[in-house]
Amino acid sequence: METPMYQSNHRKIALGLSLIPGFGQLYNRQYVKGISFFILAASFFIVFKDLLNMGWWGIFTLGEVVGRDHSIFLLVEGILAVIISVFGLGFYAFNLRDAYKNGQKRDLGLKISSLREQYRALVDNGFPYLMISPGFILLVFVVIFPIIFVVLLAFTNYDLYHSPPAKLVDWVGFQNFIDLVKLDLWRKTFINVLAWTIVWTFGATTLQIALGIFLAIIVNQKDLKGKAIIRTIFILPWAVPAFVTILVFSGMFNESFGVINKTILASLGIGPIEWMTDPFWTKVALILIQTWLGFPFVFAMTTGVLQAIPNELYEAATVDGASSWQKFTKITLPLVLYATAPILITQYTFNFNNFNIIYLFNGGGPAVSGQNAGATDILISWIYRLTMTSAQYSKAAAITLLLSLVVVSVALWQFRRTKSFKEEDMM
Amino acid sequence: MDMKRQKLIRLTLSYAVIIAMTIIIVYPLLWVVGSSFNPGQSLSGSKMIPDNATLAHYKKLFDTSQSDYLTWYWNSLKISTLTMIFSVILVSLTAYSFSRYRFIGRQNGLMTFLILQMIPNFAALIAIFILALLTGLVDTHLGLILVYVGGAIPMNTWLMKGYLDTIPKELDESAKIDGAGHLRIFFQIVLPLAKPIIAVVALFTFIAPFGDFILASVLLRSKEKYTLAVGLYDLVAKQFGSEFTTFAAGSVLIAVPIAILFLSFQKYFVSGLTAGGTKG
Numbered sequence: 016m017e018t019p020m021y022q023s024n025h026r027k028i029a030l031g032l033s034l035i036p037g038f039g040q041l042y043n044r045q046y047v048k049g050i051s052f053f054i055l056a057a058s059f060f061i062v063f064k065d066l067l068n069m070g071w072w073g074i075f076t077l078g079e080v081v082g083r084d085h086s087i088f089l090l091v092e093g094i095l096a097v098i099i100s101v102f103g104l105g106f107y108a109f110n111l112r113d114a115y116k117n118g119q120k121r122d123l124g125l126k127i128s129s130l131r132e133q134y135r136a137l138v139d140n141g142f143p144y145l146m147i148s149p150g151f152i153l154l155v156f157v158v159i160f161p162i163i164f165v166v167l168l169a170f171t172n173y174d175l176y177h178s179p180p181a182k183l184v185d186w187v188g189f190q191n192f193i194d195l196v197k198l199d200l201w202r203k204t205f206i207n208v209l210a211w212t213i214v215w216t217f218g219a220t221t222l223q224i225a226l227g228i229f230l231a232i233i234v235n236q237k238d239l240k241g242k243a244i245i246r247t248i249f250i251l252p253w254a255v256p257a258f259v260t261i262l263v264f265s266g267m268f269n270e271s272f273g274v275i276n277k278t279i280l281a282s283l284g285i286g287p288i289e290w291m292t293d294p295f296w297t298k299v300a301l302i303l304i305q306t307w308l309g310f311p312f313v314f315a316m317t318t319g320v321l322q323a324i325p326n327e328l329y330e331a332a333t334v335d336g337a338s339s340w341q342k343f344t345k346i347t348l349p350l351v352l353y354a355t356a357p358i359l360i361t362q363y364t365f366n367f368n369n370f371n372i373i374y375l376f377n378g379g380g381p382a383v384s385g386q387n388a389g390a391t392d393i394l395i396s397w398i399y400r401l402t403m404t405s406a407q408y409s410k411a412a413a414i415t416l417l418l419s420l421v422v423v424s425v426a427l428w429q430f431r432r433t434k435s436f437k438e439e440d441m442m
Numbered sequence: 039m040d041m042k043r044q045k046l047i048r049l050t051l052s053y054a055v056i057i058a059m060t061i062i063i064v065y066p067l068l069w070v071v072g073s074s075f076n077p078g079q080s081l082s083g084s085k086m087i088p089d090n091a092t093l094a095h096y097k098k099l100f101d102t103s104q105s106d107y108l109t110w111y112w113n114s115l116k117i118s119t120l121t122m123i124f125s126v127i128l129v130s131l132t133a134y135s136f137s138r139y140r141f142i143g144r145q146n147g148l149m150t151f152l153i154l155q156m157i158p159n160f161a162a163l164i165a166i167f168i169l170a171l172l173t174g175l176v177d178t179h180l181g182l183i184l185v186y187v188g189g190a191i192p193m194n195t196w197l198m199k200g201y202l203d204t205i206p207k208e209l210d211e212s213a214k215i216d217g218a219g220h221l222r223i224f225f226q227i228v229l230p231l232a233k234p235i236i237a238v239v240a241l242f243t244f245i246a247p248f249g250d251f252i253l254a255s256v257l258l259r260s261k262e263k264y265t266l267a268v269g270l271y272d273l274v275a276k277q278f279g280s281e282f283t284t285f286a287a288g289s290v291l292i293a294v295p296i297a298i299l300f301l302s303f304q305k306y307f308v309s310g311l312t313a314g315g316t317k318g
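As you go down the protein sequences, you meet chains A and B in turn. Start counting the first sequence at 16; every next residue gets the next number (the working numbering). Start counting the second sequence at 39; every next residue gets the next number (the working numbering).
Just so you know, these hints were derived from the structure itself, not from any lab. You may find that some hints are simply not true.
[Unchecked claim] Simulated restraints, written as ranges between beta carbons of each label pair:
| no. | chain 1 | residue 1 | chain 2 | residue 2 | range |
| --- | --- | --- | --- | --- | --- |
| 1 | A | G124 | B | G143 | 52 to 58 Å |
| 2 | A | D238 | B | A275 | 44 to 50 Å |
| 3 | B | R144 | A | W428 | 21 to 27 Å |
| 4 | B | R144 | A | N68 | 48 to 54 Å |
[Unchecked claim] Calculated lysine to aspartate or glutamate pairs in the EDC-like style (CA-CA distance at most 20 Å, straight line):
| no. | chain 1 | residue 1 | chain 2 | residue 2 |
| --- | --- | --- | --- | --- |
| 5 | B | K207 | A | D139 |
| 6 | A | K237 | A | D139 |
| 7 | A | K27 | A | E132 |
| 8 | B | K263 | B | D89 |
| 9 | B | K45 | A | D84 |
| 10 | B | K116 | B | D210 |
| 11 | B | K233 | B | D203 |
| 12 | A | K197 | A | D174 |
| 13 | A | K277 | A | E289 |
| 14 | A | K237 | B | D40 |
| 15 | A | K298 | A | E327 |
| 16 | B | K45 | A | E132 |
| 17 | A | K342 | A | E327 |
| 18 | A | K182 | A | D84 |
| 19 | B | K42 | A | D122 |
| 20 | B | K261 | B | D101 |
| 21 | B | K214 | A | D122 |
| 22 | A | K182 | A | D199 |
| 23 | A | K27 | A | D84 |
| 24 | A | K277 | B | D272 |
| 25 | B | K233 | B | D210 |
| 26 | B | K261 | B | D272 |
| 27 | B | K263 | B | D210 |
| 28 | B | K42 | A | E289 |
| 29 | A | K345 | A | E330 |
| 30 | B | K214 | A | D139 |
| 31 | A | K277 | A | D293 |
Fair warning: this is a prediction, and the values are worked out from it, not measured in the lab. Backbone N, C-alpha and C fix where the C-beta goes; we use that ideal spot for every residue, glycine too.
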């Protein structure tokens with residue numbers, strides 16, 4: 016294709032002029048647009064001048080004078096300044112592009128759209144942004160903002176001993192991460208917590224998935240009576256709020272008064288088991304409880320899939336002389352796993368962050384000597400403990416960062432494989 | 039003959055498994071119900087079928103001079119309802135835009151939502167806590183609702199967008215040709231067709247705040263602001279077992295309505311999740 020023949024240089028002049036927002040538009044004789052761009056840009060600077068100034072200074076220094084400067088306030092203002100700057104730059108880029116595009120139109124001898132047309136285009140193109148903005152703004156402040164804050168916090172020394180307003184917080188680079196690996200107490204705790212988090216995630220989730228699929232297949236047998244009532248009963252653990260059941264279980268597993276030791280195990284002739292004070296048995300109890308809580312979800316999903324499998328598949332298999340086992344491994348299981356795989360993977364990420372059960376059952380305990388996390392603390396409950404009880408904010412932030420990296424990479428890996436990613440139009 | 043015996047064995051085994059599972063599921067639930075009628079306060083004396091059943095614990099919960107239970111119940115209802123309303127509005131707007139419009143930043147926006155829905159919003163607990171301190175939103179329900187609504191947006195937007203994508207675009211295109219505006223298409227054509235997924239999102243966002251413990255326990259400080267989850271935990275955790283029967287009564291009063299609500303809408307939950315196909 017040939018480069019278009021320009022008869023003039025309006026596009027360059029307009030681009031150059033709109034270095035001051037609005038002037039390029041004025042040059043293109045779009046007066047209303049030009050003036051409103053200019054007013055917008057000017058008011059942006061007038062309103063945000065102080066915040067931007069203070070914020071950018073604050074985020075680099077985190078304060079210089081003890082007593083006058085509050086490092087954490089400055090960090091918050093700094094992030095705000097960055098976010099506002101990003102929006103401002105976005106608008107600026109749009110202004111430059113708009114001036115260039117319209118200048119190009121003039122260069123090519125095309126007509127520039129009238130005010131009425133501009134208005135229409137603004138409504139049409141702006142509508143999706145208008146719809147998204149309320150949700151997006153809220154998201155920026157309660158989700159994205161905190162995440163940026165945590166990421167930055169991970170590179171500071173904010174803890175009980177560096178706590179404003181009495182002290183200043185400083186940037187320390189990767190020191191928190193180095194401490195996690197180098198200091199004995201932190202390394203030991205980190206490795207133990209990570210190991211149990213992994214065992215917990217895989218153990219509890221796999222068990223609940225296996226049980227859910229198994230029961231769904233059993234209940235789905237054609238000649239079984241009372242399906243509706245059985246299904247309702249099997250959904251019950253999902254229907255009752257989890258925090259209630261976990262607290263109830265922690266009463267049942269109580270070592271001296273709990274019904275499990277006192278009634279059930281006693282009647283089987285088994286001595287009391289230390290469900291709350293022995294790390295091993297606490298872990299067993301947690302995995303059992305999570306299986307109880309989690310299987311109904313998988314059960315319901317699988318039931319839905321099973322009911323959608325056409326009967327002809329099994330009839331054809333019977334004609335070919337397949338055994339029940341072959342039908343199960345060659346037809347049922349692959350179809351179920353294929354259909355539910357994306358949702359099943361989210362069950363793993365859910366348990367990876369399953370704070371409620373760990374905290375409500377036994378508070379992450381029992382305590383272990385020589386480490387600052389309980390024996391059943393997973394990463395997320397350890398972070399809670401560090402934040403709420405020992406004020407180790409920067410260490411907690413560093414661990415949060417590591418944890419989020421794991422979850423996000425699993426998530427991306429999973430969604431790369433799903434349909435919605437591949438179909439151009441879906442994304 | 040052999041076929042028949044095989045079938046009998048298979049069915050017997052199946053029923054045996056089902057009965058065993060039913061006992062395992064129902065036992066803890068009945069045990070709480072039983073405990074709530076037990077006289078006395080402690081966990082140690084509580085039996086599944088109490089000797090002289092009493093309604094004393096329920097009476098105590100409803101007596102505002104003795105317990106904050108009704109306040110907590112009201113707080114939870116209020117927070118859940120408001121979270122649901124705001125979430126449904128914001129999620130419908132965003133999901134509709136993502137599903138129907140092709141605009142600059144759409145791909146990046148969807149990608150951001152996808153990643154955000156994977157990070158539970160309490161992962162940024164420290165930040166939420168500190169920000170709430172700075173903005174004076176600690177110990178307010180407003181702060182909690184804002185966090186819940188914001189946290190609900192990414193996942194539910196994906197869920198609803200997945201459903202809206204299945205509504206044929208020809209419908210809104212023909213309406214556009216007939217001269218319908220953006221808002222009219224949204225309210226009169228797309229929303230009525232999206233009722234099932236709106237119901238799912240409404241239920242999810244209503245039930246999630248009920249079950250949340252971590253955010254509420256971090257943000258709410260004073261007893262009369264507590265939600266049910268925090269309040270009930272407070273009841274058992276202070277001196278474990280000493281108020282167990284009262285806790286049991288409180289649990290029954292919350293678990294029964296939620297379970298009924300859940301069971302009657304259970305169908306939609308499953309279909310909504312498989313339709314959106316993104317998250318469990």
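Verification of the supplied hints:
1. A:G124 - B:G143: 52 to 58 Å: 32 Å, violated
2. A:D238 - B:A275: 44 to 50 Å: 49 Å, holds
3. B:R144 - A:W428: 21 to 27 Å: Since B:R144 and A:W428 have Cβ atoms about 23 Å apart, the given range 21 to 27 Å holds.
4. B:R144 - A:N68: 48 to 54 Å: With a Cβ separation near 34 Å, B:R144 and A:N68 fall outside 48 to 54 Å, so the hint is violated.
5. B:K207 - A:D139: 17 Å, holds
6. A:K237 - A:D139: 55 Å, violated
7. A:K27 - A:E132: Cα-Cα ~24 Å, so violated.
8. B:K263 - B:D89: Answer violated: B:K263 to B:D89 is near 37 Å, above 20 Å.
9. B:K45 - A:D84: 79 Å, violated
10. B:K116 - B:D210: Violated, at roughly 36 Å.
11. B:K233 - B:D203: Between B:K233 and B:D203 the Cα gap is close to 14 Å, so the pair holds against 20 Å.
12. A:K197 - A:D174: 18 Å, holds
13. A:K277 - A:E289: Within the cut-off at roughly 12 Å; holds.
14. A:K237 - B:D40: Holds, at roughly 19 Å.
15. A:K298 - A:E327: The hint is violated at about 45 Å.
16. B:K45 - A:E132: 75 Å, violated
17. A:K342 - A:E327: OK: A:K342 and A:E327 at ~12 Å, within 20 Å.
18. A:K182 - A:D84: 9 Å, holds
19. B:K42 - A:D122: 88 Å, violated
20. B:K261 - B:D101: Holds, at roughly 16 Å.
21. B:K214 - A:D122: 34 Å, violated
22. A:K182 - A:D199: 27 Å, violated
23. A:K27 - A:D84: Roughly 46 Å between the alpha carbons, so the hint for A:K27 and A:D84 is violated.
24. A:K277 - B:D272: Roughly 25 Å separates the two Cα atoms, so the pair is violated.
25. B:K233 - B:D210: Roughly 16 Å between the alpha carbons, so the hint for B:K233 and B:D210 holds.
26. B:K261 - B:D272: 9 Å, holds
27. B:K263 - B:D210: Roughly 46 Å separates the two Cα atoms, so the pair is violated.
28. B:K42 - A:E289: Measuring from Cα to Cα gives roughly 47 Å; hence the hint is violated.
29. A:K345 - A:E330: Holds: A:K345 and A:E330 sit about 14 Å apart, inside 20 Å.
30. B:K214 - A:D139: 12 Å, holds
31. A:K277 - A:D293: Distance ~17 Å between A:K277 and A:D293 Cα, so the pair holds.
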